[in-house]
Amino acid sequence: MTVILVTGGARSGKSRRAEVRARSFAGQPVYIATAEALDAEMDERIARHRARRGNDWIEREVPLDLVEALTETDGAGARLVDCLTLWLSNLLHAERDWPQEVMRLANALPRQQSPVILVTNEVGLGIVPDNALARTFRDAAGLMNQTIAEVANEVEFVVAGLPMKLK
Amino acid sequence: MTVILVTGGARSGKSRRAEVRARSFAGQPVYIATAEALDAEMDERIARHRARRGNDWIEREVPLDLVEALTETDGAGARLVDCLTLWLSNLLHAERDWPQEVMRLANALPRQQSPVILVTNEVGLGIVPDNALARTFRDAAGLMNQTIAEVANEVEFVVAGLPMKLK
Amino acid sequence: MTVILVTGGARSGKSRRAEVRARSFAGQPVYIATAEALDAEMDERIARHRARRGNDWIEREVPLDLVEALTETDGAGARLVDCLTLWLSNLLHAERDWPQEVMRLANALPRQQSPVILVTNEVGLGIVPDNALARTFRDAAGLMNQTIAEVANEVEFVVAGLPMKLK
Numbered sequence: 000m001t002v003i004l005v006t007g008g009a010r011s012g013k014s015r016r017a018e019v020r021a022r023s024f025a026g027q028p029v030y031i032a033t034a035e036a037l038d039a040e041m042d043e044r045i046a047r048h049r050a051r052r053g054n055d056w057i058e059r060e061v062p063l064d065l066v067e068a069l070t071e072t073d074g075a076g077a078r079l080v081d082c083l084t085l086w087l088s089n090l091l092h093a094e095r096d097w098p099q100e101v102m103r104l105a106n107a108l109p110r111q112q113s114p115v116i117l118v119t120n121e122v123g124l125g126i127v128p129d130n131a132l133a134r135t136f137r138d139a140a141g142l143m144n145q146t147i148a149e150v151a152n153e154v155e156f157v158v159a160g161l162p163m164k165l166k
Numbered sequence: 000m001t002v003i004l005v006t007g008g009a010r011s012g013k014s015r016r017a018e019v020r021a022r023s024f025a026g027q028p029v030y031i032a033t034a035e036a037l038d039a040e041m042d043e044r045i046a047r048h049r050a051r052r053g054n055d056w057i058e059r060e061v062p063l064d065l066v067e068a069l070t071e072t073d074g075a076g077a078r079l080v081d082c083l084t085l086w087l088s089n090l091l092h093a094e095r096d097w098p099q100e101v102m103r104l105a106n107a108l109p110r111q112q113s114p115v116i117l118v119t120n121e122v123g124l125g126i127v128p129d130n131a132l133a134r135t136f137r138d139a140a141g142l143m144n145q146t147i148a149e150v151a152n153e154v155e156f157v158v159a160g161l162p163m164k165l166k
Numbered sequence: 000m001t002v003i004l005v006t007g008g009a010r011s012g013k014s015r016r017a018e019v020r021a022r023s024f025a026g027q028p029v030y031i032a033t034a035e036a037l038d039a040e041m042d043e044r045i046a047r048h049r050a051r052r053g054n055d056w057i058e059r060e061v062p063l064d065l066v067e068a069l070t071e072t073d074g075a076g077a078r079l080v081d082c083l084t085l086w087l088s089n090l091l092h093a094e095r096d097w098p099q100e101v102m103r104l105a106n107a108l109p110r111q112q113s114p115v116i117l118v119t120n121e122v123g124l125g126i127v128p129d130n131a132l133a134r135t136f137r138d139a140a141g142l143m144n145q146t147i148a149e150v151a152n153e154v155e156f157v158v159a160g161l162p163m164k165l166k
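Residue numbers (numbering that gives the first Met the number 0), protein chains in the order written: chain U, 0 to 166; chain A, 0 to 166; chain Z, 0 to 166.
Pulled out of the complex, with its shape left as it was, chain U reads as follows:
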């Protein structure tokens, strides 16, 4: 199995780095977007990511059922999941049991045949947020990142477009 976690801050070049890693494997790459185009800001971001990637990717929109999507797309090229923090945010909004969903993902990853590259965000390196919801989210994101990093073969931390190898 090949499971690569690419983490970093906003606009650190994580997605681009993950695309490079995904393309390095044989087969047509699959782009699993956890974003839904719900507003203009998100629309524009999705369009920009797509323009950079090019048209040779299989595309899936998967806001919630990530394990199912990985199972369904297994067997061909690498899967790029962009990104886990948005997926976590979707789980919280949908009032799903996020710790259980994260654990299901952690259990499913080592069983994948085709490579999986997962993009996530570091959100816990600023000042403690005022509102309780933001604190809950950053705690959840930190725990998720630790859990997925533990099952990954490789973990990279991207700063200013440059990856540091964590694992």
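Just so you know, the hints here were simulated from the structure itself, not pulled from any lab data.
Just so you know, not all the hints are guaranteed correct.
To be verified - No more than 30 Å apart at the CA atoms, straight line, and that leaves these computed lysine-lysine pairs for BS3-like:
(1) U:K164 with A:K164
(2) A:K164 with U:K166
(3) Z:K164 with A:K164
(4) U:K166 with Z:K164
(5) Z:K166 with A:K166
(6) Z:K166 with U:K164
(7) A:K166 with Z:K164
(8) A:K166 with U:K164
(9) A:K166 with U:K166
(10) A:K164 with Z:K166
(11) Z:K166 with U:K166
(12) U:K164 with Z:K164
We have chain U already, so just place chains A and Z on it with the hints.
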């Protein structure tokens, strides 16, 4: 002397990493908590940390007088201070002279016989906070981290549960 | 050419590190401050930086026209630009075309004869900011850092006063 500083973001796995380091030394480890159980959120966090650590630690609650606590517990197992940012916050609330207290700590650390492992937070990697108090705090935390890192033998930066060696 | 980018969080020791790098080159170093002394908080910060650096620097205040300042000061000692995030903020306030200005800088840097050391901030590792302006700024800062890191010979990420080599 052995002084190890473990830094990182919220829920990055710093405390767990620091516990591993503390247990690697001979003798019964001492847990020096700078947190006070003042609200339910903090209560719950303290209980969770304790459950993970197990019962074989000597425990101390030290919101302010860290140098005195280090002196009193010196001579046996390693001391784990969790965490410096909360200590700093306590100093600010109590209107103590925090730069002087940080300097006292920096001077006391090299004189310790038993190992000291200190956990701290990186809080300066987000957007500049709106309110002046938060800006003051993140500036103070950054200066404290530099000061303690300078006297430490080892400094680790933990991201997604994985330590990077800074020193 | 020598172009060194030093990045990190607030009060991480970036400026001090950049000063050490700038002084390592022959010739009188040039300090290019992008800060303007508009309020007491900034005044105090500028004074503190100056006290630390000492009096042997040529000083320039350059809130906007960075490429011109680099051209004018080329040929002698190293130039230290402190810092790019403030410059970006100045560009946004002045309603300049910031992506074009960042590109102009990226194009000008490899043509410099004397070394250039640039300080910047990582601002994207906290929770997503509530207000749209802050989101725009952190996106712009991230893109700027990637662009300048790409043309730099060396990139360092400073945490707790300790540099990690990214490039």
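These are the hints, each one checked on the structure:
no. : hint               : result
1   : U:K164 with A:K164 : 12 Å, holds
2   : A:K164 with U:K166 : 12 Å, holds
3   : Z:K164 with A:K164 : 12 Å, holds
4   : U:K166 with Z:K164 : 17 Å, holds
5   : Z:K166 with A:K166 : 18 Å, holds
6   : Z:K166 with U:K164 : 12 Å, holds
7   : A:K166 with Z:K164 : 12 Å, holds
8   : A:K166 with U:K164 : 17 Å, holds
9   : A:K166 with U:K166 : 18 Å, holds
10  : A:K164 with Z:K166 : 17 Å, holds
11  : Z:K166 with U:K166 : 18 Å, holds
12  : U:K164 with Z:K164 : 12 Å, holds
Against the hints set out earlier in the document, no violation occurs for any number.
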